[in-house]
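Novice: Protein sequence lines correspond, in order, to chains A and B.
Each residue of the first sequence is one higher than the one before, starting from 56 at the first, in our numbering.
Each residue of the second sequence is one higher than the one before, starting from 56 at the first, in our numbering.
Everything labelled a hint here was simulated from the structure, so no lab data went into it.
Please read these numbers as outputs of a predicted model, since none were measured by experiment.
Be aware that one or more of the hints could be misleading.
All copies of an identical chain are treated as equivalent in the list; a pair is satisfied when it fits inside any one copy or across any two copies.
As the list claims (entries may be wrong) - Here are the simulated lysine to any residue pairs, SDA-like style, with alpha carbons at most 25 Å apart:
#	residue 1	residue 2
1	Lys327	Thr233
2	Lys327	His239
3	Lys94	Leu70
4	Lys230	Ala215
5	Lys230	Gln214
6	Lys111	Val319
7	Lys104	Val322
2 protein chains.
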Amino acid sequence: MAIMGATGAVGNEFLRILEQRKFPLASLKLLASARSAGKTLKFRGEDLKVEELTEKSFKGIDLVLGSAGGSIARKFNPVAVAAGAVVVCNTSAFRQDPQVPLVVPEVNPEDIAWHKGIIANPNCSTIIMNVPIWPLHKVNPIRRLVVSTYQSVSGAGAQAMAELEQQCRDWSAGKAITKSVMQHQALFNVFSHTSAVADNGYNEEEIKMVNETRKIFHCPDIRVTATCVRVPVLRAHTESINIEFTNPMTEAQVTQVLSKAPGVRIVDDRRKNYFPMPIEAADGDDVLVGRIRQDVTLDGRGIDLFVSGDQIRKGAALNAVQIAERL
Amino acid sequence: MAIMGATGAVGNEFLRILEQRKFPLASLKLLASARSAGKTLKFRGEDLKVEELTEKSFKGIDLVLGSAGGSIARKFNPVAVAAGAVVVCNTSAFRQDPQVPLVVPEVNPEDIAWHKGIIANPNCSTIIMNVPIWPLHKVNPIRRLVVSTYQSVSGAGAQAMAELEQQCRDWSAGKAITKSVMQHQALFNVFSHTSAVADNGYNEEEIKMVNETRKIFHCPDIRVTATCVRVPVLRAHTESINIEFTNPMTEAQVTQVLSKAPGVRIVDDRRKNYFPMPIEAADGDDVLVGRIRQDVTLDGRGIDLFVSGDQIRKGAALNAVQIAERL
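If we strip away everything but chain A, and leave its shape as in the complex, we get (with noise of 0.2 Å):
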């Protein structure tokens, strides 16, 4: 097994994962950029040797985990494959192939069978919305989300975290904030997703919430219109999400579906104030839900949901390593 892209946060994430849940696997070779060569990461116990990924880096590897970026992946994820790996892509760059299937296991893991070497992993705030809403789309069928959502730095990277912590020791300090990673201060901040817009005003993060929605639920009618937040949090994503049925479904229904949806943990406690919230979220594999309730405006088709995942793991590396385990 390898992982392509071992030194970034998603990469860290995978040895974690594989560790917890004892992936079964009889050697692990970590690939990064000739930067990053040379470095070591601790794996069950032993140093594990980072090494520079070429074209000859799959020799004898059967899968691959990847996350290094869509121009990196779509050099060497056909290399992988001649090379006999499947590789599990944590990037956008295959996932509206559609040779590739696109997957949640909780949602569609049939689509695992057709593919032809890679698969691919879909977007973070993608996954922590697909996990709770699919349940309910399968009871009811969804006609249209509107969802605004409150996007950790850790979907920046590893170096936007540590720039939001600079950021916070600076002010601390009295010191002037600076940023390199981010286009705009995260401290004390909101912005909207600085992934490029496109012509039709969405940006390319709120595309991906459309688009793969549509391919993971085999579902191209579902209409969805997405708002992109960037807000100062570590980790864990957070979305309000508002739901319009086909039919009508009360707020007990859908706390029923969800109280046994795989992946949702419910957290929804009206007297004490305590809902979703992404410090709780992080470092778990539970999608928390919470503020279930019946949207005033839609007579009965409506629900309003509070979600908060945490991105590195349920919105990336878990969600990879549970495809390989089905593999």
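Fit chain B to the supplied structure of chain A, relying on the hints for placement.
Specialist: Frame of chain A; chain B shown alone:
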């Protein structure tokens, strides 16, 4: 003139705004609880002493700006009115009283005329939403709003702002994060607004956004579903607003209307990924509006907006002073 609740976050802002706008006044009396009496606050270069609020405080007072909490308002507003003053009340105590106008000067200034001694200042999130959507509603009636907020801790008062700052310093010093003002940790977290949750699952803040918008717009039919969320921002609230209009409307038409709207400043540079941010809305008078785009799910009748406005200024003190100016 008197300020009731002079030592709070909004009370302090009243002083700044009266000075900045050269509000015409012969004398200014600062009123607060016995605990704060004796403190001094600067106004126009002079030290003004804070006096204890009592039933005798309003002799000779024409105008009261009040921001001392609902129970104080219920007790002292009628006393001030009986003494001949007009009260612009910043609490929620009288907002739904049919005898009391609820006013955003950019929306319904004509309602000031029928006051009977008290004029209510709306909820901060409501004001910041209403300023940009009212001019759109006038040309194309809004049917339904789905709004998710990113509210700063200033809405919970000066002590909450101090608590977030202290959490930042404690984290930076490697100390445990403590909390006593806010129910949940604010630093590196987001949480559902902690106002009481009603039987229908909406919290008080969300219900205010529904009911107050209806009263201010004189439009009891407008449908609003809101999810109110606290984020680790010091001041200025941000909101993701999805609008369903009665008739089709392009983003160009929306931008055209908003470019002439009072109290609105468009910040919407797609190429630079530069949109409204609370650190830029803070200390300003305008509601910043951006991410103006046609909702892809509503067949031309939907628009998404992302807005940010200073909660203490336009969301509270400035709006009240604007009402006082018209009085």
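Novice: Against each hint, give a clear statement of whether it holds in the structure.
Specialist: Evaluation of the provided hints:
1. Proximity of Lys327 and Thr233 under a CA criterion of 25 Å is satisfied inter-copy only: 19 Å between copies versus 38 Å inside one chain copy.
2. For a Cα distance limit of 25 Å, the shortest separation of Lys327 from His239 across copies, 11 Å, qualifies, whereas the shortest one inside one copy, 35 Å, does not.
3. Proximity of Lys94 to Leu70 under the C-alpha cut-off of 25 Å is restricted to the intra-copy arrangement: shortest distance 14 Å within a copy versus 58 Å between copies.
4. Taking the shortest alpha-carbon separations for Lys230 and Ala215, both the intra-copy value of 19 Å and the inter-copy value of 22 Å come in at or below 25 Å.
5. Both within a single protomer and between protomers do Lys230 and Gln214 lie at most 25 Å apart by alpha-carbon distance, with minima of 20 Å and 23 Å respectively.
6. Taking identical chains as interchangeable, the C-alpha atoms of Lys111 and Val319 are never at most 25 Å apart, the minima being 41 Å within one chain and 58 Å between chains.
7. For a Cα distance limit of 25 Å, the shortest separation of Lys104 from Val322 qualifies neither inside one copy, at 41 Å, nor across copies, at 48 Å.
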